[in-house]
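Chains as they are written, first to last, in my numbering: chain B, 23 to 436; chain U, 23 to 436.
Hints are computed from structural coordinates only; laboratory data are not their basis. All of these numbers come straight from a predicted model, not from anything done at the bench. Treat the hints with caution; some may be incorrect.
Which copy is meant is left open, so a pair is good if it fits within one copy or across any two.
Pairs of lysine to aspartate or glutamate, DMTMM-like flavour, derived with a Cα cap of 25 Å [to be verified]:
| no. | residue 1 | residue 2 |
| --- | --- | --- |
| 1 | Lys109 | Asp355 |
| 2 | Lys48 | Asp185 |
| 3 | Lys151 | Glu195 |
| 4 | Lys96 | Glu51 |
| 5 | Lys350 | Glu375 |
| 6 | Lys207 | Glu32 |
There are 2 protein chains.
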Amino acid sequence: MSYEYWVRKELEALSQSLGFQYTPLKEIERRLTKIRGDMEKKEIEGLLVVHKMNLYYLSGTTQDGFLFLPLEGKPLLLIKRELERAKIESPINNVVPLKTIREVPSLVQKHFGKLPQNLGLEMDVLPVKDYFNYQKLFPTTQLMDASSILREARKIKSSFEIDLMRKAGEIGETVYQEGKKILKKGMTEIEFGGLLEAVAKKYGHEGLLRVRSLNYEAYTWHVLSGLTGGIVSQSDSPMGGLGLSPAFPVGASLKKMKAHEPILVDFGTCFHGYQADETRMFSIGKMKQKFIDAYHVCKEIHDAVLEETRPGTDCEAIFLMTLRLAEKSGYKDHYLGPPVLQTRFIGHGIGLELNELPFIAQGQPYPLEEGMTFAVEPKIVFPGEGSVGLENTVLVTKNGYEILTPVEQKIFQV
Amino acid sequence: MSYEYWVRKELEALSQSLGFQYTPLKEIERRLTKIRGDMEKKEIEGLLVVHKMNLYYLSGTTQDGFLFLPLEGKPLLLIKRELERAKIESPINNVVPLKTIREVPSLVQKHFGKLPQNLGLEMDVLPVKDYFNYQKLFPTTQLMDASSILREARKIKSSFEIDLMRKAGEIGETVYQEGKKILKKGMTEIEFGGLLEAVAKKYGHEGLLRVRSLNYEAYTWHVLSGLTGGIVSQSDSPMGGLGLSPAFPVGASLKKMKAHEPILVDFGTCFHGYQADETRMFSIGKMKQKFIDAYHVCKEIHDAVLEETRPGTDCEAIFLMTLRLAEKSGYKDHYLGPPVLQTRFIGHGIGLELNELPFIAQGQPYPLEEGMTFAVEPKIVFPGEGSVGLENTVLVTKNGYEILTPVEQKIFQV
Numbered sequence: 023m024s025y026e027y028w029v030r031k032e033l034e035a036l037s038q039s040l041g042f043q044y045t046p047l048k049e050i051e052r053r054l055t056k057i058r059g060d061m062e063k064k065e066i067e068g069l070l071v072v073h074k075m076n077l078y079y080l081s082g083t084t085q086d087g088f089l090f091l092p093l094e095g096k097p098l099l100l101i102k103r104e105l106e107r108a109k110i111e112s113p114i115n116n117v118v119p120l121k122t123i124r125e126v127p128s129l130v131q132k133h134f135g136k137l138p139q140n141l142g143l144e145m146d147v148l149p150v151k152d153y154f155n156y157q158k159l160f161p162t163t164q165l166m167d168a169s170s171i172l173r174e175a176r177k178i179k180s181s182f183e184i185d186l187m188r189k190a191g192e193i194g195e196t197v198y199q200e201g202k203k204i205l206k207k208g209m210t211e212i213e214f215g216g217l218l219e220a221v222a223k224k225y226g227h228e229g230l231l232r233v234r235s236l237n238y239e240a241y242t243w244h245v246l247s248g249l250t251g252g253i254v255s256q257s258d259s260p261m262g263g264l265g266l267s268p269a270f271p272v273g274a275s276l277k278k279m280k281a282h283e284p285i286l287v288d289f290g291t292c293f294h295g296y297q298a299d300e301t302r303m304f305s306i307g308k309m310k311q312k313f314i315d316a317y318h319v320c321k322e323i324h325d326a327v328l329e330e331t332r333p334g335t336d337c338e339a340i341f342l343m344t345l346r347l348a349e350k351s352g353y354k355d356h357y358l359g360p361p362v363l364q365t366r367f368i369g370h371g372i373g374l375e376l377n378e379l380p381f382i383a384q385g386q387p388y389p390l391e392e393g394m395t396f397a398v399e400p401k402i403v404f405p406g407e408g409s410v411g412l413e414n415t416v417l418v419t420k421n422g423y424e425i426l427t428p429v430e431q432k433i434f435q436v
Numbered sequence: 023m024s025y026e027y028w029v030r031k032e033l034e035a036l037s038q039s040l041g042f043q044y045t046p047l048k049e050i051e052r053r054l055t056k057i058r059g060d061m062e063k064k065e066i067e068g069l070l071v072v073h074k075m076n077l078y079y080l081s082g083t084t085q086d087g088f089l090f091l092p093l094e095g096k097p098l099l100l101i102k103r104e105l106e107r108a109k110i111e112s113p114i115n116n117v118v119p120l121k122t123i124r125e126v127p128s129l130v131q132k133h134f135g136k137l138p139q140n141l142g143l144e145m146d147v148l149p150v151k152d153y154f155n156y157q158k159l160f161p162t163t164q165l166m167d168a169s170s171i172l173r174e175a176r177k178i179k180s181s182f183e184i185d186l187m188r189k190a191g192e193i194g195e196t197v198y199q200e201g202k203k204i205l206k207k208g209m210t211e212i213e214f215g216g217l218l219e220a221v222a223k224k225y226g227h228e229g230l231l232r233v234r235s236l237n238y239e240a241y242t243w244h245v246l247s248g249l250t251g252g253i254v255s256q257s258d259s260p261m262g263g264l265g266l267s268p269a270f271p272v273g274a275s276l277k278k279m280k281a282h283e284p285i286l287v288d289f290g291t292c293f294h295g296y297q298a299d300e301t302r303m304f305s306i307g308k309m310k311q312k313f314i315d316a317y318h319v320c321k322e323i324h325d326a327v328l329e330e331t332r333p334g335t336d337c338e339a340i341f342l343m344t345l346r347l348a349e350k351s352g353y354k355d356h357y358l359g360p361p362v363l364q365t366r367f368i369g370h371g372i373g374l375e376l377n378e379l380p381f382i383a384q385g386q387p388y389p390l391e392e393g394m395t396f397a398v399e400p401k402i403v404f405p406g407e408g409s410v411g412l413e414n415t416v417l418v419t420k421n422g423y424e425i426l427t428p429v430e431q432k433i434f435q436v
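Please construct the entire structure, taking both the sequences and the accompanying hints into account.
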């Protein structure tokens, strides 16, 4: 049996029987229309989408290839591997095989009738080496940075996207409920984290979390117990944990979890590329009162953020409000990290990546908009002792908010 | 307690008690000397190392920051977050805090006495946006591509590195042994893959696998059963599997594993950043004879590659030899993928990343050298039916090879 024959005959049915959801044509068309509006404003005649998550967003496939989007005319998918699957996954009609990147200009010219005067690229992630290559391949075309156009378009989620995030949130709920059964005294953080992730995968979590960055690596197994919760690391978060080695000094470690310690589980799930991020506290026996008190302040700050969550509220103002609340409660030097190392955000946009717009943070003076999704995560850190926190992923609705991570907001004591 | 106080007093002891190994000064010095030799040849006066794995390789830390390496004079570590941990993790003496990237030129000037005439950057991965930023920050300095220097240095592993890879291989052995107990009929691929990964993590696997690429995402849970083993995907590998959605259409899926199917488990482990990659076949009850026969041809090809593995053998010649063996055995149209989609490599260098030098592949006419490590992975694919294969990570020794993945080379039938 030839591969192409088999794929055409059976792969689509198999994928759908196993729950694959393809991005509908209307959804893709809406996204392309939005992007084109911004291309017109910036006078960009053509866009070459290279990065996997943007390719998925604008075409529905993540097969290895590129999307050429002219300001006027039909989009063109150029696929290196695997063409037959890209045709199933994407509702875009024009899909052509691509052997090497050197063929891109001729395929674009054939499709578009000419080479564009200028070409938008994702310069926030595109490697310099590739950029020099495009300069040679398109010697008469001006290369422009189109990163912000894609970033802006992706900040407002559609109902199709929100449904996928809700499903990621449902997986998270199962993980935390199962976590109560899994957690045992003397288990290491990484053993617990690994088993939680196994549960998540069983229910459809894709394993990867994604961040738009050269060096920042996202991961699911952020389980910190007692003193490891007080350790800061490379990542811009209130606490990083110890990790397993200097090569990956974040997240769960080989430390054994003890009774009465605060166990912070900051666990992300990913369904069809869309992520949900949440944090709950666990403990074996009752946590020390000090941590319970601090947790309740996190809960209070969390609720105060949600109280302000509706279209029009200024993102920076929300962050500054939480600073005042933390100070008033006596946690000024523990809120969002130890002094000097405190982070300056209380929420981060989330969707296909963990660092999308908006940022509920210092220096981000813009309003919340309907359809934005972000994770709100107040955390309080005691160096050498532990940390506590609460996190949910929320959607900004017409009049307020909806929580996409339905796990009960309480301490999971076993 | 202040964070700095606690870190200085206790973090190093805690890390070491939990098995952290730091890169020794002598090891770092040897690596820097090698790099400097190549910088001299290319007339590069200074190197600014940005990418996390190169930073780890040359400094011992992966905290958020940069390494400035002058051709002559001492190296300088500039750390954004977290400084105290970088000081523990790296044997480099000159470690300074960095608030923003804008301070890099002044800190370099202060340390080096002047700005270098030219500066090597990792243009294979550095985003264009950052490059433009460096052009502004170093207006009188010529920016040069130093990717190949780092890539070349990393291709020969030291005994320190090989020991870490051996430990990754030992974790893999435990995973496959436990896998025999975990595998059950009716379990989905992803459930099995998730549980295998949980075992690996419990024994020190860091969860992440790394590839040097913008879009290629490495992952551990490559479990393909029956017909999903015959599916090709975005990755340059003989089979990709179905995955869980169009957002990540590779690896284990929600398909249930049935009796008598070939179950291919291509599982990577990572210890202190160093990876081991291996593949074994599982089956529930006996596999169909067709697959057993094909497996034995994979084993034959695998052994033939090892027979040729010693310093001096040409990498391309090894690959071409395996093509002839596959053809002779009657698997020409199934070897390394279905026709048209067949990959053109039988081995890939491995270490901190899964796509290091050497490539045992078409178009790679250079000799094996002592200290190289690569994964050899003959695979045979039957579209619509399944695939089989065998993979080990091996070290090129003075006179031959050493297998770093000690799992027994047999079909794991349960």
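So, going through the hints one by one against the coordinates:
In this assembly of identical chains, Lys109 and Asp355 lie within 25 Å of each other by CA distance solely across copies; the values are 24 Å between and 55 Å within a copy. In the homo-oligomer, the alpha carbons of Lys48 and Asp185 lie at most 25 Å apart inside one protomer (16 Å), although the nearest pairing across protomers, at 54 Å, exceeds that limit. With identical chains, the CA atoms of Lys151 and Glu195 are never at most 25 Å apart, being 43 Å at best within one copy and 39 Å at best between copies. With identical chains, the CA atoms of Lys96 and Glu51 are at most 25 Å apart within one copy only, with a shortest distance of 11 Å there and 56 Å across copies.
Proximity of Lys350 and Glu375 under a CA criterion of 25 Å is satisfied in neither setting, with 34 Å inside one chain copy and 48 Å between copies. For a Cα distance limit of 25 Å, the shortest separation of Lys207 from Glu32 across copies, 23 Å, qualifies, whereas the shortest one inside one copy, 48 Å, does not.
Consistency with the previously given hints fails for numbers 3 and 5, ordered from lowest to highest.
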